[in-house]
Structure formats: structure tokens, C-alpha cells
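So the protein sequences, as listed, match chains V and H.
Residue numbering for the first sequence follows full-length UniProt numbering, beginning at 1 and increasing consecutively.
Residue numbering for the second sequence follows full-length UniProt numbering, beginning at 1 and increasing consecutively.
Rather than coming from a laboratory, the hints here were simulated on the basis of the structure.
Hints should not be assumed to be uniformly reliable.
Unchecked claim - From the structure, some residues in chain H lie toward chain V, with a derived Cβ separation under 8 Å:
1) Q50
2) M78
3) K82
4) D83
5) E114
6) R118
7) D147
8) H185
9) F222
Unchecked claim - Away from chain H, derived, C-beta distances all over 12 Å, residues of chain V:
10) R15
11) S55
12) D64
13) L75
14) Q111
15) K225
C-beta: ideal position from N, C-alpha, C; glycine also.
Each chain, written out:
Number of protein chains: 2
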Amino acid sequence: MPVSRLYKLYLSPHRKYVRTLKNLLGFVPGNLSLYRLAFRHKSVAKSVKQGVKNSNERLEFLGDAVLGSVVAEVLFKMYPYKDEGFLTELRSKMVNRNNLNQLGRKLGFEQLVEYDNRMINATRQGSLMGDAFEALVGAVYLDKGYDFTKNFLINHIIKSHIDIHTLEQTETNFKSKLIEWCQRHGKDVLFEVAQNQDGESNKLFTVQVNIDGEVVGQGKEFSKKNAEKLAAEKACEALGI
Amino acid sequence: MPVSRLYKLYLSPHRKYVRTLKNLLGFVPGNLSLYRLAFRHKSVAKSVKQGVKNSNERLEFLGDAVLGSVVAEVLFKMYPYKDEGFLTELRSKMVNRNNLNQLGRKLGFEQLVEYDNRMINATRQGSLMGDAFEALVGAVYLDKGYDFTKNFLINHIIKSHIDIHTLEQTETNFKSKLIEWCQRHGKDVLFEVAQNQDGESNKLFTVQVNIDGEVVGQGKEFSKKNAEKLAAEKACEALGI
């Protein structure tokens, strides 16, 4: 074991934190301040300059991108005969907020994330874990580089905690699929609620999906949400997404 | 110069293609078939298996992710005192379809992209260039790895062809900003067109932005598009995005 690792783990004033991180990550971190930053929510961050706080939000932006890229490659290689629509959708399922929050909790982030609980309600607390997970990916990337981060994510996170085959089977979210497709192709998408039928107790909602000024799908249901879902599904069908 | 490069550039049966790519990329490509694939639009692709065609779409998925990650790091380091909202927005401006199409054209992709022009109209032809650019990034990544791709993008593409400071000044698209924020935070966003005032020649449209069932912004304008824009801006303001 190199001297610097020995020092970090057993002698440095930060040895307790280093060991906690080593248990979590499976490796001895280099630049500790990056990891501390990754676990610092803006509710406890201080302004550093020009109104920017030393919170994990910037690392989250970076980590989100690195994670997206690693997962893209994993799926690209895992499914050589699936098209890009399938890959995009499966990636969304893997890295959605909900999954990342669960992942953060499983990894024990509740002990690590610093936040002011007077400012965050119980619902929001959950989402801090996913944000911190992305920020951690950003920290690992800056500390150790892309290939290291990729191996860490594949061997330590994806293989142990994400069941890709089960996710593949879960129901498709046509709305995200459609929005993603439109963003990718530079198209404007609009979900329009047509006036629901007046004077009835069971209101029927009509939602139309309008893409670049053209209606491409429509759904009628007794809830706005379901009408929207159906309209998105029809639009995906019509566009062959 | 190593023998393999000499062979590729001067002796191999593909030497003409290798030289074209070297002029474009600034390096001698390794696996030529990846680059050929990157420039093959689905209109000229053949089915390979289970309905998947050997077109550039899968590489585009991968390249989009790698590009997003590289640009994220560039901006992260270039703007140490800007928050993640600023970084996200500036990245969208850099890698939007329009910019990538222009970039592809500047790089001379029109000579390289294979497509069936009976199946693609003039408008669509432009967007093939941006798709091919993303696919090319995917090909470089698979051929040469992340660090090489990052250096290629920074030194050969971003520094020469993208004026980040000018993009920084261009007008903000509040709608994309809002949609991105909602996707990031797992919220449902809906742009609702309330009934426009009947019987008038100058119709006034009211658009409401509904996030997770709550109206957070509203805009009234004489065009649906402008009403939507205004509503998105109000919503961004209200949410502090």
C-alpha cells in the first residue's frame, strides 16, 4: 500500500471521513474536498462568490452528464441489436430521480448528506439523495478521471444495485419519451387541454399533443393525467417513436 | 510515423477514405467501419438483425451522451462561479440541433453523409448533419476512448467552431429551461391553452403552465406560441429557476 494511502487511512486528521468514503466507494479518495462538496446541500452552503454557493449543485450537473454517458455506453454494448429509442428509454428508467434517490438511500447517504432539516420537508429529503449521488459521480470524475469513474459505476453501482433486465420490462412512459424525442429533434411540443364537457359531474378531458403546430395525437379520459398519457401514446405511435 | 499509419494512409485499399477522415478529424482513424457507420443515414441502411438497421442512430445516441459530458466539463471549468442553471442552459445552446447541423455543414459533412435523397426532403437534409456529428463523436469514442475524444472535441471542434461567449449572450429559451428543470426534478409539466376569447378577430390566447397539478405561470398573447413563452418565463421566475 503506498505511503500516501496509509497516511490518509490511518494518520491524517481526516482518517475517519476517508475510511467512511472508502467503505462507501471501494477506493481511497484523492481530493477529499470534492467529496465533502458532493454531500453538501445548498441549505447548508455558504456563498462563495457572485452569489454562487459552495453546494453540490454544480457537481450534480457534471455528474449527471458523466453518468448519462457511462450508462449510454453500458446499454449500447449490452444491447447490440436494439435501436436508439429503446436505449434512450431504458437509460431514462435507470437514471430517473426516483431510482437515484433509492440508490442514494441504499448506499447510506442519509448519514453523509449535510442539509438543514428546518428548510427541507420530508418529501424533499428523499430527492436530496439522488442529487447527491449525481454530485458524487461528478466528484469521482474530477478526482479520478473518466475511465476510473466508468469502472466504479459499472462494478460498484450498476452490477450490484441496478437490475437492468427488470427495468426493461417496466411500463413505458410515453410522455417522457415524446418530450425527449422532440427535444432531440428540435421540435416544439405542447399538451393542450381542450375545454372539458361542461355541466357534467363526470368530466371528460380531451388532451391534444401539438408538435410544431400540428396535432399528432389525442386522448379522452376522465382525468387530465390519463388523457395526457393516452394522447402521448397515440403521438408516439403516429410518429413511429 | 508507425508502419500501420503509413500503410493506412498510403497503401491500404481504403487510403482515400482514410485521408479524407484525417483531413476532417486531424488524426488517423483506427476502426474505419465505425466512421462509415457514423455517416450512414437510416434511409440507406440495411437491416442487420431483429429489425435493427446498420445506420448511425445508435452511434448518435452514444455520441450525444459523450458530447454532453465533455461540454459539461468544459463549462464547469470555464465558469467556476456560475450555478448549474446557467451551465445547463449554456450547454443546451451549444449542442442544440441547429448548432450541430451548422457545425456538420461547416465541417463538410455534405460530402460524407450517405442518404437517399428521394426519401429526405430539403429541410430534413440539414438535420442529418447534426445527427451525423453526434454519431461521429460516438465513433471517435469507441475508436479512441474518452480522453482522446475530449481532447479532439475541445481542440478541434469547440475552440475552432463554437463561440461560447456569444452563445452566452443569446436570448434564453424559458420553455426548454422549464421542461429540463421539471425532467430533472421528476415533475410533470403541462402547457394548457385556456379557451381563447370567442367571436373576436384578434384572438387572445391564455396559456397556463401546470406543474404537478398546480398552475405556476400564465401568459396572455395574440399568438399561442408567445403566450406559451410568457407563461414559461413567469413559471421560471416563480420557481426561481
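(message) Hint compliance check: list the failing hint numbers for this structure, sorted ascending.
(response) 2, 5, 6, 9, 11, 12, 13 and 15
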